[in-house]
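Based on these hints, arrange chain B on the given structure of chain A.
So the protein sequences, as listed, match chains A and B.
Taking my numbering, the leading residue of the first sequence gets 5, the next gets one more, and so forth.
Taking my numbering, the leading residue of the second sequence gets 1237, the next gets one more, and so forth.
Hints in this document: simulated from the structure, not taken from any laboratory.
Given the structure is predicted, the values throughout are model-derived calculations rather than measurements.
Possibly wrong hints are sitting among the right ones.
Stated by the list, open to error - Across the chosen pairs, the derived CB separations fall in these ranges:
{"hint": "1", "chain 1": "B", "residue 1": "S1301", "chain 2": "A", "residue 2": "H42", "range": "27 to 37 angstroms"}
{"hint": "2", "chain 1": "A", "residue 1": "N25", "chain 2": "B", "residue 2": "G1264", "range": "48 to 58 angstroms"}
{"hint": "3", "chain 1": "B", "residue 1": "N1307", "chain 2": "A", "residue 2": "K72", "range": "37 to 47 angstroms"}
{"hint": "4", "chain 1": "A", "residue 1": "E13", "chain 2": "B", "residue 2": "N1307", "range": "37 to 47 angstroms"}
Each residue gets a CB set at the ideal place from its N, CA and C atoms; glycine is no exception.
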Amino acid sequence: GQNIDQPTEMTATEGAIVQINCTYQTSGFNGLFWYQQHAGEAPTFLSYNVLDGLEEKGRFSSFLSRSKGYSYLLLKELQMKDSASYLCAVSPTDSNYQLIWGAGTKLIIKP
Amino acid sequence: KAGVTQTPRYLIKTRGQQVTLSCSPISGHRSVSWYQQTPGQGLQFLFEYFSETQRNKGNFPGRFSGRQFSNSRSEMNVSTLELGDSALYLCASSTRTGPNYGYTFGSGTRLTVV
Chain A
5 GQNIDQPTEM TATEGAIVQI NCTYQTSGFN GLFWYQQHAG EAPTFLSYNV LDGLEEKGRF
65 SSFLSRSKGY SYLLLKELQM KDSASYLCAV SPTDSNYQLI WGAGTKLIIK P
Chain B
1237 KAGVTQTPRY LIKTRGQQVT LSCSPISGHR SVSWYQQTPG QGLQFLFEYF SETQRNKGNF
1297 PGRFSGRQFS NSRSEMNVST LELGDSALYL CASSTRTGPN YGYTFGSGTR LTVV
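The shape of chain A in the complex, shown without the other chains (with noise of 0.2 angstroms):
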């Protein structure tokens, strides 16, 4: 079957450097997407990534390990208003571009 794990919540300090993990077994492997999403909210696009390797994009970056079938996304400098679900996204070769999608974390960021 296809499975993605992400824990289902965390707690950082303002100020502080986060790490989200995303463990995916999938047939076949497109991308893998990290969206964020705050309390009644739509989720909103941040990263994608394709090829091995650490993408960085100001105070978050993503990285992609395909042969492990694992990514996380990395939080610098925490604020307050990153206090959101981060949800975790993979596209496999045989879904027809459908998207597969963890339960999503719960960042809690404390002062």
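Below, chain B without anything else, positioned relative to chain A:
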């Protein structure tokens, strides 16, 4: 450009009734996917429409149905509502071409069944 528009934003219905939700995709996006989101369950895929044809379908009962019009706008319908259908319903539109196909969500319709 305008984003994905979902209407209505909030809806309260009684058990046994039916409901229709609407989604207008980003201009040029021909694919519309629908999801149900409940606390702790993540995004559960309902179905996807592309050029008025259902291309993918999730594991939901036949009470959940949808359609897409020639202008790419999509509707989903839930008949004989149950209390468990209370959820945030999200639609996402995309170009559905290439590996990163601009998957963009609407703000959702929050349905409460009482």
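Hint numbers contradicted by this structure = Failing hint: just 2.
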